[in-house]
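These protein sequences, in sequence, are chains A and B.
Taking my numbering, the leading residue of the first sequence gets 10, the next gets one more, and so forth.
Taking my numbering, the leading residue of the second sequence gets 9, the next gets one more, and so forth.
It is possible that some hints are incorrect.
[Stated by the list, open to error] Straight-line alpha carbon distances no greater than 30 angstroms define the calculated DSSO-like cross-link-like pairs of lysine-lysine that follow:
| id | chain 1 | residue 1 | chain 2 | residue 2 |
| --- | --- | --- | --- | --- |
| 1 | B | K157 | A | K76 |
| 2 | B | K157 | A | K476 |
| 3 | B | K80 | A | K456 |
| 4 | B | K66 | A | K456 |
| 5 | A | K78 | B | K155 |
| 6 | B | K155 | A | K76 |
| 7 | A | K456 | A | K303 |
| 8 | B | K157 | A | K296 |
| 9 | A | K296 | B | K84 |
| 10 | B | K165 | A | K296 |
| 11 | A | K78 | B | K80 |
| 12 | A | K248 | A | K36 |
| 13 | B | K23 | A | K315 |
| 14 | B | K66 | A | K315 |
| 15 | A | K40 | A | K83 |
| 16 | A | K248 | B | K112 |
| 17 | B | K165 | A | K76 |
| 18 | A | K248 | B | K15 |
| 19 | B | K23 | A | K184 |
| 20 | B | K155 | A | K36 |
| 21 | A | K78 | B | K157 |
| 22 | B | K66 | A | K535 |
| 23 | A | K296 | B | K13 |
| 24 | A | K535 | B | K157 |
| 25 | B | K23 | A | K296 |
| 26 | B | K165 | B | K112 |
| 27 | B | K155 | A | K535 |
| 28 | A | K476 | A | K418 |
| 29 | A | K489 | A | K456 |
| 30 | A | K476 | A | K489 |
| 31 | B | K66 | A | K296 |
| 32 | B | K155 | A | K83 |
In short, the hints are calculated from the structure, not lab data.
Please read all numbers here as calculations on a predicted model, not as lab measurements.
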Amino acid sequence: MTPITVLISVDSNSILLGAREFANYMKDLIKEFNLDPIVTVLETVSLGSYNGVVIHVLPDDVYYSVKSKEQVRKIVEEHLLKGRQVWDLMVNKELIRPAEKFEVKEVRIVTRNIGVIDPRNIEEYIARDGYFALSKALQMKPDEVIEEIKKSGLRGRGGAGFPTGLKWEFTAKAKADQKYIVCNADEGEPGTFKDRLIMEGDPHTVIEGMIIAGYAVGATKGYIYIRGEYYNSVENLRKAIQDAYEYGFLGENILGSGFSFDLTVRLGAGAYICGEETALLESIEGKSGRPRLKPPYPPQVGLFGKPTVINNVETIANVPQIILNGADWYKSIGTPNSPGTKVFCLVGDVNRRGMVELPMGVTVRQVLYGFGGGVRGGRELKMVQTGGLAGTFIGLDKLDTPLDYDSMKNHGVSLGSGVILAIDDSHCVVDIALNVMEFFRHESCGKCTPCREGTRIACEILERMTKFEGTAEDLDYLRKIAEVTADTSFCGLGQSINVPLLSLIDNFREEFLEHIEKTCRANVCKAVLKKPKVQTK
Amino acid sequence: MDREKIKELIEELRKEQLEEGDILIYLLHRIQDHYQSHYIPPEVGEMVAEELNVPTSKVYEVLTFYTMFSTKPRGKYIVRVCTSLPCHVPGGREIVEFLKNELKVDFGGTTPDGLFTLEETGCLGLCGVAPVVMINDQYYGDLTIEKMKEIIESLRKLEGGDGK
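The whole structure should be built from the sequences, with the hints applied where relevant.
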């Protein structure tokens, strides 16, 4: 180890800001100045602050945010060569991490290694207690592992919140010659990028969690189903799987336990519906991603007709830490009914967009203002959408709602995949509603009529409203369409469109009515009218 | 792509195969990557069906269901613009309008010079730097109309045009 370590964020978000180029440039400069005996540059993954590429110099514990190669050069010449910190490029630690005085402390369980280790180096993961949980689990009986997960109260982090331990138990009890573990990494819920950063920043945690799940339920094969567009994550995962095979954590007779497990990655090809678990299974089997009728549920009849556990990336990433530290430790975090943490993705019109892991039960306001630094550009907050695109739109009166699995039932605010999307007063409610419905229309697989036609009709009504051609009956019709589609659709996609649509209509009814009166307070819909015709092929 | 090439590719992917049938989509990705105009010709789809011993109709169903696949030639550059709300809110709507006007095509259309195909995509998971566009396998974030214009112009210049 060299006396100085420089951590530079090279994740997908940062690469777009030039991170790869900056990292290579920094390495070149360090060679040029003959600093390599004392400085090591490590590429890692950043959790937030996408105003520039984050560079963390240790042991000085100084954070910089850089936007150009000149600035990289300045840090090398001044800080690394001459030992003088570059004040004008420094960022307050609080901008990278939540402020110390921020009333809710960040708790890092699934993100504990992100930004700390080099994700392409398995030894760094091992040095952070990596694969210790696997070794511990292999010395336990499979039902003891399931019992521990059940006791921890871990629930699915993909949105539905089903108790993970129960899912495992159902699969373990099913009798079959082959069982599977599938990791749902088809992250497509708009605003969500937590799974991507977990896979890019700490792929071994996911692999370790899957092997433990396999041992617990008696599955010997696993698939990670990942979006076709997630190039960087695929790369990191493949490397990690290869290394895990080499080190004997995957393959035959793992750590001398007699248990064997094989793992591979499969790519999606651009279909939001494949995030639905049975559609995902269809896709792995090489078919078009249309959901299956449930029941039977995957723990009984899943992949290739065999019992299958399907867990979200974030859920799986919790597993090693629960096994290592015990269910009681896990339950001490979060709320009684929703133990543990949630990774929140803060996006939209906020000062600081990014990802933060906080205990369950944190309020929308705490995330938005404590971590996000409030609305950007000095505008007023108009509304917040929580839980992803199928989640609820809330007004300012509900900002103090605690977010956990009960917040939907108790307060009408969904937790979903943990997205918090801030929308300022420059946006029009009807335009937002149209955007949401266009997404669902586009992603509806077409298998069932209510979803295929319901989303289409909703779009038509909303489009009329943005052109000031809507009527009062349209608004009632829209509500009916949302309700019928939700009641009669085949799968979760159509069943959830009423959540965003009705929360918009209920909370912002006035603005919908204004459009019938041919005014748009945000002046957005006028712009749509002027939109020039484009030639279609 | 000829039958020998496809056989070779299948041979390679079989090493990562856990169960019969799990490599079809993966294989189609690899084949499509091979074509500069980002598509899979019908005769190649038929060859895949024969080599994997699955009905041709099944291969076609997959090819036409998933938005990343195409059975018709597309532009050299596939411009995938994110239309989801987290991109729509911080300026994505303007980027979409700009692209439609600049390329003079709607979603799914290809420019007459065969250079660009404009497609809409759901969230790309880069909302930290929204609005985002993906061109082939490259991402571009924190976009403004000026930045988008520069990117399109630089690609046109790269292909020997004058950028306009």
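Right, here's what the structure says about each hint:
no., hint, in the structure
1, B:K157 <-> A:K76, "holds (21 angstroms)"
2, B:K157 <-> A:K476, "holds (28 angstroms)"
3, B:K80 <-> A:K456, "holds (24 angstroms)"
4, B:K66 <-> A:K456, "holds (16 angstroms)"
5, A:K78 <-> B:K155, "holds (19 angstroms)"
6, B:K155 <-> A:K76, "holds (15 angstroms)"
7, A:K456 <-> A:K303, "holds (15 angstroms)"
8, B:K157 <-> A:K296, "violated (39 angstroms)"
9, A:K296 <-> B:K84, "holds (27 angstroms)"
10, B:K165 <-> A:K296, "violated (40 angstroms)"
11, A:K78 <-> B:K80, "violated (42 angstroms)"
12, A:K248 <-> A:K36, "holds (22 angstroms)"
13, B:K23 <-> A:K315, "holds (22 angstroms)"
14, B:K66 <-> A:K315, "holds (22 angstroms)"
15, A:K40 <-> A:K83, "holds (15 angstroms)"
16, A:K248 <-> B:K112, "violated (42 angstroms)"
17, B:K165 <-> A:K76, "holds (26 angstroms)"
18, A:K248 <-> B:K15, "holds (25 angstroms)"
19, B:K23 <-> A:K184, "holds (28 angstroms)"
20, B:K155 <-> A:K36, "holds (28 angstroms)"
21, A:K78 <-> B:K157, "holds (23 angstroms)"
22, B:K66 <-> A:K535, "violated (46 angstroms)"
23, A:K296 <-> B:K13, "holds (23 angstroms)"
24, A:K535 <-> B:K157, "holds (24 angstroms)"
25, B:K23 <-> A:K296, "holds (20 angstroms)"
26, B:K165 <-> B:K112, "holds (18 angstroms)"
27, B:K155 <-> A:K535, "holds (25 angstroms)"
28, A:K476 <-> A:K418, "violated (36 angstroms)"
29, A:K489 <-> A:K456, "holds (21 angstroms)"
30, A:K476 <-> A:K489, "holds (21 angstroms)"
31, B:K66 <-> A:K296, "holds (7 angstroms)"
32, B:K155 <-> A:K83, "holds (26 angstroms)"
Against the hints set out earlier in the document, violations occur for numbers 8, 10, 11, 16, 22, 28.
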